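Position one of the sequence shown corresponds to residue 1 (the numbering used here), numbered consecutively onward.
In short, the hints are calculated from the structure, not lab data.
Computed from a predicted model, the values in this text were never measured in an experiment.
We put the CB at the ideal spot given by N, CA and C, even for glycine.
Check each hint, because a few of them may be wrong.
[Unchecked claim] DSSO-like cross-link-like pairs, simulated, lysine-lysine; straight-line CA separation at most 27 Å: (1) LYS258 with LYS191; (2) LYS228 with LYS575; (3) LYS285 with LYS312; (4) LYS179 with LYS191; (5) LYS560 with LYS515; (6) LYS515 with LYS596; (7) LYS239 with LYS249; (8) LYS312 with LYS249; (9) LYS691 with LYS670; (10) LYS300 with LYS239.
[Said to hold, decoys possible] Simulated restraints on C-beta separations: (11) ASP410 with LEU673: 54 to 64 Å; (12) ALA129 with GLU9: 45 to 55 Å; (13) ARG501 with LYS422: 20 to 30 Å; (14) LYS422 with ASP622: 37 to 47 Å; (15) GLY73 with ASP155: 38 to 48 Å; (16) PRO389 with LYS442: 32 to 42 Å; (17) LEU15 with ASP155: 43 to 53 Å; (18) GLN495 with LEU673: 35 to 45 Å; (19) ASP155 with THR216: 17 to 27 Å; (20) GLN599 with ALA640: 46 to 56 Å; (21) MET643 with ASP557: 57 to 67 Å; (22) LYS248 with LYS422: 39 to 49 Å; (23) ASP340 with VAL511: 52 to 62 Å.
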Amino acid sequence: MDLNAINEEWFLGQLKSSEIDVPELILVFTKLAKAERASDADGWAQTLFQKFAEADAIDDALLVLAWMAGVRGSIQDAQGAVEKLLSKDRNALKLVEPAGFGGTGSVAENFNRLRLLRSLKTGMLCHNATWGFGIIENIDYFYQQLEIDFEGKGDHEMAFSYAATSLEILNDDHLLAIKHKNPAELARLLKENPAEVVRATLRSYGNMPVMRLQETLSPSIIPEAGWKRFWDAARAELKNDASVEVPKKRSENIVLHKKAMAYDDEWFKFIAQDNDIEGLFDRFKEILEKKIDFTSDFSKKTLANRLAFIIKGAPSGRPEWKAEGFIYARMFGIEPAGLDTAKLIHDLIDGDLVTTLDRLHSRQLQTLLSILIENDKEAVVATLSEVIPVVSHPVLNEVMSSLLANGAEDAVRALMETAVGKRTASAPMLLWCQRSTELIEKWHLISKGDLAFRIQEVLEVNSAGAMLRAQNQLRERFQTEAWLHDVMDAMTEQQRRDFLRRINEGQGWDVLDRKSVIAKVLRKFPELQDIILPSKASIAAAPKKETPFTSSRSYADKQKQLERIMTVEIPENSKEIEVARSYGDLRENAEFKYAKERQGLLMAQGAQLAEDLEKVKPSDFDGVSLDEVAMGTGVELAYASGMSETYYILGAWDQAEALSIISSETRLAKSLLGHKVGDTVAIPAGECEIKAILPLSDEVKAWIKG
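When you get a sec, could you build the whole thing from the sequences and use the hints?
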């Protein structure tokens, strides 16, 4: 708009128009005021207001008056001006005070409330956050209140002052209006065009995340049982609508653009203005998934600019973002603008490549590795040789494939020979060996039987994260009977016995898995059952193991913990898995992955608790001899400094600092057990003398009984 062309002649021409565009004129007044032409704006606004007031065009006059009073502040007594304007309408005057004039609210808010109250008519559809959908039945100006029939709640009287701030008038396009006036059309849309129902909801209530969308539509519009089918169909349609953006994260808003859009240069303008790196990656995925045309000069320039922005702007703590920038540049066939590409790629090779590879999706790894190898094959091979022992199995697979495809087989073979020979191969490396039998045989790397022993060893290592996931996949191989029998067929008789003995006695197995694997072995090799069920002679010769004890209280606590895991936490987790599964694509579903990992932890925790409860016995420690320090006794210790301490030694799971109760498994307790009064004992805190052996106090006995 050229403000130089806005003059007196122009304004008089507007006044003579048969249809004056009031909002457009008010916008012109605002710009004039900002351009130091406030006197023109104020004078013309006053003239326009007088024209509308004389013509009884009250609504238009209120718009101008709101600008003069609220934006310009050129009218000090806004309430007086409004009352003068409405003086011919007694009912309208009764709306001024409920609209907030004379109160503490802003003038702009007062005018908005007044316009809403003036618009109310009987039969209008409305909505209130507390009462829901309703129909205005009566407007009582004398008592300054409305009578509204709220759906399912009957008639309700609402004061004008409350209605002005809390009532929403529904137009014919509002979802609730469609439901009320044309339920058949809504039913048709739900069945034939679910995406339009989502658009109507967003137009009615504003942008919102998926969870709120579900709460808005279900069960009032869509039965709960039908939600998943509805949302899957709607989301599939919305993917092809440039006017709607459905985010990957369920916590983020679904965005409906006010103006209908196509995937053209206008859409790419949004990308050009986007400085959120993760948001840009979502745009890039959308372009590829929907096969959006980016061949125009503007779209190419935009992508080249945004790719350069990502590669240059990725923080040091997110090296994978820089890598993804190069990956998308390769996929688009576009060179990022103004970068020293070779140097930046080499920085990736020399940087934290392990973190970069682990954080990328497996589908992106091949593209990145190809880019790196093309840049500097020798440096990449050297770096990847250091990376292989510490990356996850999916990353390892891609790294191995890239190295082998680019003529680095000798380097891979030498690395694996060293790791396997020195027993330093990680769980992902052994999993790769187990799945790459042709190469392992070609390289004469390790026999089937020896590989099975190496896998057993790595299963006994405490791991977390990616290494734990690889361990779990290796452990699953033992549940494959054909594989188990095949590897044991390749062993000697003694090797088979050692192999089963390690399964039976080694760490890294929960009770159920161990029993299942042993049963599979014995079906093929029943002659090994003496390892599981030793002879009477071997039992007699074996040293007798002491049964661990704990207090009745601690034993009951463990039982309750196991019961909660089995009856509450695992069923709740199963529901979480089903809900997460309903969100779609499991490969990109963080909720599903978290729920499945939690399932594994709960199952392992429950199995371990069950095994512990079989081994440990409850006791009240009644009648324990005081001849020597034992479980169920107190002991008074005297130090050379003259200080003394008293402890009560109970069972394996017992501890209560306030009562000086310590577990029999602590270093202090193990140092004291078996000693008598007068003995000098070396304990973790130094030397002390056992001054007295005491019975359990009444407080400790009460604690044991819970």
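Structure-based check of each hint:
1. LYS258 with LYS191: Judged against 27 Å, a Cα distance of about 25 Å means the pair holds.
2. LYS228 with LYS575: Satisfied, since the Cα-Cα distance of roughly 15 Å is no more than 27 Å.
3. LYS285 with LYS312: Holds, at roughly 20 Å.
4. LYS179 with LYS191: holds (14 Å)
5. LYS560 with LYS515: Since the Cα atoms of LYS560 and LYS515 sit roughly 25 Å apart, the hinted pair holds (cutoff 27 Å).
6. LYS515 with LYS596: Holds, because 23 Å separates the two Cα atoms, which is no more than 27 Å.
7. LYS239 with LYS249: Given that 27 Å is the threshold and the Cα spacing comes to 15 Å, the pair holds.
8. LYS312 with LYS249: With Cα atoms ~26 Å apart, LYS312 and LYS249 stay inside 27 Å; holds.
9. LYS691 with LYS670: The given pair, whose Cα atoms are some 17 Å apart, holds under the 27 Å limit.
10. LYS300 with LYS239: Holds, at roughly 22 Å.
11. ASP410 with LEU673: 54 to 64 Å: holds (59 Å)
12. ALA129 with GLU9: 45 to 55 Å: holds (50 Å)
13. ARG501 with LYS422: 20 to 30 Å: Hint holds: Cβ distance 24 Å, inside 20 to 30 Å.
14. LYS422 with ASP622: 37 to 47 Å: For ASP622 against LYS422, whose Cβ atoms are near 55 Å apart, the range 37 to 47 Å is violated.
15. GLY73 with ASP155: 38 to 48 Å: holds (42 Å)
16. PRO389 with LYS442: 32 to 42 Å: violated (22 Å)
17. LEU15 with ASP155: 43 to 53 Å: Given a distance of about 47 Å, which is inside 43 to 53 Å, the answer is holds.
18. GLN495 with LEU673: 35 to 45 Å: Given a distance of about 40 Å, which is inside 35 to 45 Å, the answer is holds.
19. ASP155 with THR216: 17 to 27 Å: holds (25 Å)
20. GLN599 with ALA640: 46 to 56 Å: holds (55 Å)
21. MET643 with ASP557: 57 to 67 Å: violated (33 Å)
22. LYS248 with LYS422: 39 to 49 Å: holds (43 Å)
23. ASP340 with VAL511: 52 to 62 Å: At 59 Å between Cβs, range holds.
Hint check: violations occur at hints 14, 16 and 21; the rest are consistent with the structure.
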